[in-house]
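Here's the letter readout for the chains.
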Amino acid sequence: MAALFTARRALVVAAGRGVRCLSQLAELPELHQMMRQTCRDYAQKELVPIAAQLDKEHKFPAKQVRELGALGIMAIEVPESLGGAGMDYLAYSIAVEELSRGCASTGVIVSVNNSLYLGPVLKFGTDEQKRQWITPFTTGEKVGCFALSEPGNGSDAGAASTLARQEGDEWVLNGTKAWITNCWDASATVVFATTDKNLKHKGISAFLVPMPHPGLSLGKKEDKLGIRASSTANIILEDCRIPLGNMLGARGMGFKIAMQTLDSGRIGIASQALGIAQAALDCAADYAHKRTAFGAPIGKLQAIQFKLADMALATESARLLTWKASLLRDAKKPFTKEAAMAKLAASEAATFVSHQAIQVLGGMGYVTDMPAERHYRDARITEIYEGTSEIQRLVIANNVLKEYQQ
Amino acid sequence: MSARVLVGVKRVIDYAVKIRVKPDHTGVVTDGVKHSMNPFCEIAVEEAVKLKEKKLFKEVVAVSCGPQQAQETIRTALAMGADRGIHVEVSGKDYEALGPLQVSKILAALAKKEEANLIILGKQAIDDDCNQTGQMTAALLDWPQGTFASEVTMDGEKLKVVREIDGGLETIKIKMPAVLTADLRLNTPRYATLPNIMKAKKKKITTVKPGDLGVDVSSRLEVLNVEEPPQRQAGVKVETVDDLVGKLREAGKI
Numbered sequence: 001m002a003a004l005f006t007a008r009r010a011l012v013v014a015a016g017r018g019v020r021c022l023s024q025l026a027e028l029p030e031l032h033q034m035m036r037q038t039c040r041d042y043a044q045k046e047l048v049p050i051a052a053q054l055d056k057e058h059k060f061p062a063k064q065v066r067e068l069g070a071l072g073i074m075a076i077e078v079p080e081s082l083g084g085a086g087m088d089y090l091a092y093s094i095a096v097e098e099l100s101r102g103c104a105s106t107g108v109i110v111s112v113n114n115s116l117y118l119g120p121v122l123k124f125g126t127d128e129q130k131r132q133w134i135t136p137f138t139t140g141e142k143v144g145c146f147a148l149s150e151p152g153n154g155s156d157a158g159a160a161s162t163l164a165r166q167e168g169d170e171w172v173l174n175g176t177k178a179w180i181t182n183c184w185d186a187s188a189t190v191v192f193a194t195t196d197k198n199l200k201h202k203g204i205s206a207f208l209v210p211m212p213h214p215g216l217s218l219g220k221k222e223d224k225l226g227i228r229a230s231s232t233a234n235i236i237l238e239d240c241r242i243p244l245g246n247m248l249g250a251r252g253m254g255f256k257i258a259m260q261t262l263d264s265g266r267i268g269i270a271s272q273a274l275g276i277a278q279a280a281l282d283c284a285a286d287y288a289h290k291r292t293a294f295g296a297p298i299g300k301l302q303a304i305q306f307k308l309a310d311m312a313l314a315t316e317s318a319r320l321l322t323w324k325a326s327l328l329r330d331a332k333k334p335f336t337k338e339a340a341m342a343k344l345a346a347s348e349a350a351t352f353v354s355h356q357a358i359q360v361l362g363g364m365g366y367v368t369d370m371p372a373e374r375h376y377r378d379a380r381i382t383e384i385y386e387g388t389s390e391i392q393r394l395v396i397a398n399n400v401l402k403e404y405q406q
Numbered sequence: 001m002s003a004r005v006l007v008g009v010k011r012v013i014d015y016a017v018k019i020r021v022k023p024d025h026t027g028v029v030t031d032g033v034k035h036s037m038n039p040f041c042e043i044a045v046e047e048a049v050k051l052k053e054k055k056l057f058k059e060v061v062a063v064s065c066g067p068q069q070a071q072e073t074i075r076t077a078l079a080m081g082a083d084r085g086i087h088v089e090v091s092g093k094d095y096e097a098l099g100p101l102q103v104s105k106i107l108a109a110l111a112k113k114e115e116a117n118l119i120i121l122g123k124q125a126i127d128d129d130c131n132q133t134g135q136m137t138a139a140l141l142d143w144p145q146g147t148f149a150s151e152v153t154m155d156g157e158k159l160k161v162v163r164e165i166d167g168g169l170e171t172i173k174i175k176m177p178a179v180l181t182a183d184l185r186l187n188t189p190r191y192a193t194l195p196n197i198m199k200a201k202k203k204k205i206t207t208v209k210p211g212d213l214g215v216d217v218s219s220r221l222e223v224l225n226v227e228e229p230p231q232r233q234a235g236v237k238v239e240t241v242d243d244l245v246g247k248l249r250e251a252g253k254i
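Protein sequence lines, in the order shown, are assigned to chains V and X. So that you can map any letter, position 293 of the first sequence is 293 in the UniProt record's numbering, and since no number is skipped, the others follow by simple counting. So that you can map any letter, position 143 of the second sequence is 143 in the UniProt record's numbering, and since no number is skipped, the others follow by simple counting.
There could be a bad hint or two in this list.
Going by beta-carbon spacing under 7 Å, a handful of chain X positions derived as facing chain V [unchecked claim]: (1) L194; (2) M198; (3) L221.
Think about it this way: if two alpha-carbon atoms lie no more than 30 Å apart in a straight line, the pair counts; the simulated DSSO-like pairs of lysine-lysine are [to be verified]: (4) V/K45 x X/K201; (5) V/K332 x X/K199; (6) X/K173 x X/K160.
Going by beta-carbon spacing under 7 Å, a handful of chain X positions derived as facing chain V [said to hold, decoys possible]: (7) L101; (8) P189; (9) Y191.
Don't read these hints as lab results, they were simulated from the structure. Being a predicted model, the structure only gives us computed values, none of them experimental. Every residue gets a Cβ at the ideal spot worked out from N, C-alpha and C, and that includes glycine.
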């Protein structure tokens with residue numbers, strides 16, 4: 001009888017947990033609503049007024065990054081003991097979306113610091129590494145970056161040609177990394193280099209390198225189409241020497257660290273894309289109310305209505321996928337497929353929605369007076385970085401085929 | 001160091017929402033509409049937390065009167081730095097009829113019960129714009145009041161309050177215990193930081209009923225009708241002052 005009660009209670013608890021997960025897709029818990037309000041208010045008041053200027057001047061929002069640090073947003077998942085906010089990935093996804101809605105560049109700066117820099121150190125670092133490489137990067141005073149891609153390989157990450165050789169009690173790194181987000185403003189980087197060439201992708205290891213550092217130099221800042229307030233450049237390593245203790249994880253673990261980090265990072269980029277899509281939708285819907293043509297607001301025209309419907313549908317569908325991926329990750333369940341789906345859906349939604357937003361605005365969408373053109377330019381990169389849409393499709397297909405393994 | 005500041009926070013329709021009058025003209029639509037803390041109450045909470053950070057007070061207690069959802073407003077105050085919350089449960093018809101007189105009776109009773117030295121409220125709520133609760137609470141307690149405060153400093157044992165009045169600024173000194181109402185320029189409310197939102201989860205909110213405080217919330221007011229203001233008509237442009245005078249005469253205004 002007692003065993004029956006215990007079993008039933010366990011079932012109820014388990015069901016409750018499951019129900020809580022599902023209802024979080026329908027309505028966010030209070031904690032997340034409060035956090036979303038903070039991020040939304042901050043984005044509205046502090047980011048929206050300066051976003052166009054930041055984009056025009058390619059200016060890193062240092063003051064805003066510090067303020068976001070003070071709010072706990074630069075290290076959302078990091079436990080309080082290390083200086084972070086101690087929240088879950090759903091909270092992180094919401095934060096990046098709300099901030100990106102105000103300024104997409106700021107969104108990616110926050111995302112790279114959280115997912116691509118703090119993420120791997122939190123997951124694979126020793127306690128000493130965490131103290132040294134996490135805590136100073138939670139306040140917004142310092143940001144980190146992630147150096148995987150090279151001029152010779154982006155999608156082909158297993159072909160890393162950057163080399164690391166051991167010399168006494170130091171690692172010596174040589175090679176060039178390309179397209180590194182945040183690098184001109186970063187104080188540290190996670191670098192991936194080959195330690196054993198004959199092991200192919202199993203011979204890649206991860207290293208923590210402070211910036212600036214002798215032997216590490218930066219290429220010219222790329223002049224990009226969008227997210228211009230975020231710096232992107234090459235990192236050049238020429239006999240860059242770091243202590244042995246700067247290896248992150250075990251030797252040969254680098255590829256696995258990179259792939260797992262990117263799984264989570266994809267949720268961040270999906271969230272950034274959602275923010276861009278939402279901002280573009282906001283712009284178009286507002287315009288549809290105000291602009292009159294043929295004697296009425298253009299929102300009365302079916303052509304415009306169908307566009308707005310498709311835009312809202314694309315955004316909301318991608319948002320649910322992103323939230324699901326976050327919830328699975330928070331529940332410590334496999335989430336690779338869902339994260340890839342989220343990133344793919346959200347990035348394609350961002351480019352679609354921002355494209356249509358310009359169409360709704362007509363001529364006004366083409367000039368810098370309205371933010372629609374900036375959203376269009378900002379959206380484009382989301383289909384490329386942290387795994388191109390093509391790579392996402394491969395990841396999804398692999399997972400689907402595995403599910404149907406004969 | 002005095003013990004306690006009581007801060008009143010009201011849950012109102014969010015300032016950005018477009019208000020719609022109910023078809024039966026008994027009030028405005030509140031169902032499914034976004035609500036948040038009254039902006040002047042946010043300023044009040046910020047001031048209370050600041051005074052605590054200056055070590056002038058030990059504890060900030062956030063109070064809200066209303067249905068279950070009022071607890072969300074209290075939790076926002078907790079996330080801004082209040083230490084604990086008191087939810088005075090008023091719902092249904094009682095809540096619809098709740099006005100400044102009943103709320104000030106409740107606050108007065110709580111102030112005595114909690115032995116508060118200071119009550120800070122927003123100067124008015126953005127839904128009813130009554131601008132009465134602070135003044136009524138002070139009168140019921142027979143405490144001095146510093147309303148429309150744009151600056152508050154400790155001056156020995158007294159509070160120096162700079163008040164925004166029609167003619168400019170007036171500075172007064174009042175003894176505690178006292179009631180203050182916050183005006184727009186008193187401070188800029190802080191964002192609820194993520195760590196503080198997490199901490200707020202662990203802070204306590206106690207629920208009481210008005211009856212427990214010996215307060216009768218029945219209203220002596222009856223709302224007869226609620227309607228939208230008349231639509232704004234287009235104006236007329238004139239070229240000269242003579243034209244203006246002529247037009248005013250035509251309209252019978254002068």
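Quiz prompt | Minimum beta-carbon distance criterion (7 Å), X/P189 to chain V | solution = This hint is violated: X/P189 lies away from chain V, its Cβ roughly 10 Å from the closest one there, beyond 7 Å.
Quiz item: Are X/M198 and chain V close enough, Cβ to Cβ, to be under 7 Å, as the hint says?
Solution: Hint on X/M198: holds, closest Cβ of chain V at ~6 Å, below 7 Å.
Quiz item: Is the interface hint for X/Y191 satisfied, with its Cβ closer than 7 Å to some Cβ of chain V?
Solution: Interface hint status for X/Y191: holds (5 Å vs cutoff 7 Å).
Quiz item: If you draw a straight line from the CA of V/K45 to the CA of X/K201, is it 30 Å or shorter?
Solution: holds (26 Å)
Quiz item: Taking the least C-beta to C-beta distance, is X/L221 closer than 7 Å to chain V?
Solution: This hint is violated: X/L221 lies away from chain V, its Cβ roughly 33 Å from the closest one there, beyond 7 Å.
Self-check item: Minimum beta-carbon distance criterion (7 Å), X/L101 to chain V
Solution: Violated, about 31 Å.
Quiz prompt | Pair hint outcome, X/K173 versus X/K160 [Cα-Cα no greater than 30 Å] | solution = holds (4 Å)
Quiz item: Is it true that the CA of V/K332 sits at most 30 Å from the CA of X/K199?
Solution: holds (24 Å)
Practice problem: Using Cβ atoms only, decide whether X/L194 comes closer than 7 Å to chain V, and label the hint accordingly. | Solution: holds (3 Å)
The structure is inconsistent with the numbered hints 3, 7, 8, although it conforms to all the rest.
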